[in-house]
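*Asks:* One-letter residues, chain by chain:
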Amino acid sequence: MHLGWRWEALKNGFRDATAYRVEFLFEILGSALVPASIQLVFWYALFKVGGSQTIAGLTHADLLTYTWVSMLFTQVRGGDHDFELQELIRTGQLSQYLLRPVGVVEFTYIRGLAPRLFIAALSLSAGSLIAFFLKLSIYKIFAAMTLALLGNVIHYQIGASLATSAFLWEEAYSVLMIKNMAVNFLSGELIPLNLFPESMTWMWKYTPFYLYVYGPTQYALGRWSDAEFFHALILALLWIVLGFFMIRLSWSWGIKKYLSLGG
Amino acid sequence: MFQYLETFRVQLKNNFVRQAVYRTNFLTSLIADSIWICIELALFSVIYANTSFISGWTKPQVCFFLGIFFTSDALYAIFFQTNMWNFSNLVNQGELDILLTKPINPLFLALTRSMNLGSILNVIFGLTIASHYATSSGFQGGLHWLKLGYWLTVGVSTALLLRFSFCIWVFWTERGGAFSRLYYQFFTFATKPDSLYPKMIRYTILSVLPFAFIGSVPARALLHGLSLEEHLHILAVLLGFYLLNRTLWRQGLKRYQSASS
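First to last, the sequence lines map onto chains A and B. The first sequence: position 111 = 111 (the numbering used here), numbered continuously. Count along the second sequence starting at 1, add 263, and that's the number in the numbering used here.
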């Protein structure tokens, strides 16, 4: 594997993301604070206003801890670089990439990954502080961050495969939005997934989305055993393998349909 | 006035023709909107599976609120949403030039050029949800449905004024992306009834950033009614936003430097 262009793409992606510092800061703050504030609002309404003692067996303190720790991982899971892919197909700019000796799917991912890695590093620093105050294991936070980063890969792989629907239709924006909305709800960044009643758990158990935020948070908080964590880790790796083949299939199909006239 | 109505009619026709050409895209956007509605309903279903009340709101009342909110938001999406996304390009890329030369208010043209007719289905969904939960939520129904038109107007006007107040800064900041994202982050506060929020946030979304006027206050008004003071407060806040936006637009135009802006 030739690392030269990958390293340059990573640096380029970081420079591009931070060129407009105010935007970058807003994005970080927004992606952290908004899901957290929704959770806090629910806990306030249920416990402080409603007077509940426990919800699904969890106390107010349990849910607050979940909220603070999940913020570390909501930062890492995101990235909208799959939208860039659909835009390349839609506008016909993909042609420029086809002439270059690099894979467009990998190139776009690496460029988009750069700011996420930076945010992951920041989150780990914050996580170390949180671990100290909440008496959590720092090793578990590092391991959980690894799972969150694998989640980032899966998230992109699914997005990159879905983006190929732009080869067939005019664009894939709506399809990617649907995916993002499902991720918001089923990754555990809006509410802990153990609040789902038994009849609704199928909604998240059969997707990889819970590996992005809920899984890492549960492990960091010590609510998942090591065995559960390794099970999740293996599942994440299997999803990545599946994602690899999904991309290979969908892109080889899509390129055959590509007319280079704007998709 | 007739000139504006005629322009609006032509814009509507052009948009319908344009969107009818891209049927698949039209269809997928319909599905995306429907899924958003399903997710919001599912989120509250999960919460209500664990409790009977959230800040005094029962599940039917929250669903009624969601119906009103979806309708109000969908009406805004049909007529204004795309134009707000395009607004920063108008300024950044100098496309505003051509609008400034037309014999009609350039802001009217900028805000009505593109329409997203795909959101019509969301209006139907929203109204269906609201009417389905109307009785169980305690809404009196009958002639009280006539108030819905007024409250939807309040909701759409609020969304328009608020979104524009986030867009207009592009005259000063060059790129509008950060403010757009910030708007949608705050917009999340509109998706829940205002009485769920702690006092400080509630005060904010009822005054300086009145996101509660989009769906929450209209739903509360339809369910329980509002006092005269509350009605006057809503009008005062919206008038304040209108005047602020008008001033910023005029100042922005003075600063506008065409394509090099």
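Each hint should be verified, as a subset may be incorrect.
Listed next, with one range per pair, are the computed distances between beta-carbon atoms [unchecked claim]:
| id | chain 1 | residue 1 | chain 2 | residue 2 | range |
| --- | --- | --- | --- | --- | --- |
| 1 | A | L33 | B | E493 | 28 to 36 Å |
| 2 | B | H395 | A | D16 | 20 to 28 Å |
| 3 | A | L237 | B | S458 | 28 to 36 Å |
| 4 | A | K11 | B | S315 | 51 to 59 Å |
| 5 | A | S128 | B | F271 | 53 to 61 Å |
A partial selection of chain B residues facing chain A, derived with a Cβ cut-off under 7 Å [stated by the list, open to error]:
| id | residue |
| --- | --- |
| 6 | I298 |
| 7 | I300 |
| 8 | V309 |
| 9 | P369 |
| 10 | L459 |
| 11 | P461 |
No farther apart than 30 Å at their CA atoms in a straight line, the calculated lysine-lysine pairs in the BS3-like style are these [said to hold, decoys possible]:
| id | chain 1 | residue 1 | chain 2 | residue 2 |
| --- | --- | --- | --- | --- |
| 12 | B | K276 | B | K365 |
| 13 | A | K48 | B | K276 |
| 14 | B | K365 | A | K48 |
For the record, the hints were derived by calculation from the structure and aren't laboratory data. The C-beta atom is built at its ideal place from N, Cα and C for all residues, glycine as well.
*Asks:* Run every hint past the structure and note whether it holds.
*Replies:* Hints, verified against the model:
1. L33(A) / E493(B): 28 to 36 Å: 29 Å, holds
2. H395(B) / D16(A): 20 to 28 Å: 47 Å, violated
3. L237(A) / S458(B): 28 to 36 Å: Taking Cβ atoms as reference, L237(A) and S458(B) lie about 45 Å apart, which means the hint is violated.
4. K11(A) / S315(B): 51 to 59 Å: Given about 55 Å between the Cβ atoms, the range holds.
5. S128(A) / F271(B): 53 to 61 Å: The hinted range 53 to 61 Å holds for S128(A) and F271(B), with Cβ atoms some 57 Å apart.
6. I298: 5 Å, holds
7. I300: 10 Å, violated
8. V309: Since the shortest Cβ distance to chain A is 5 Å, the answer is holds.
9. P369: This interface hint is violated because 27 Å lies over the 7 Å limit.
10. L459: Holds. Min distance 4 Å.
11. P461: Holds. Min distance 5 Å.
12. K276(B) / K365(B): Satisfied, since the Cα-Cα distance of roughly 19 Å is no more than 30 Å.
13. K48(A) / K276(B): At roughly 52 Å apart (the allowed maximum being 30 Å), K276(B) and K48(A) break the hint.
14. K365(B) / K48(A): Given pair K365(B), K48(A) is violated - Cα atoms ~56 Å apart, limit 30 Å.
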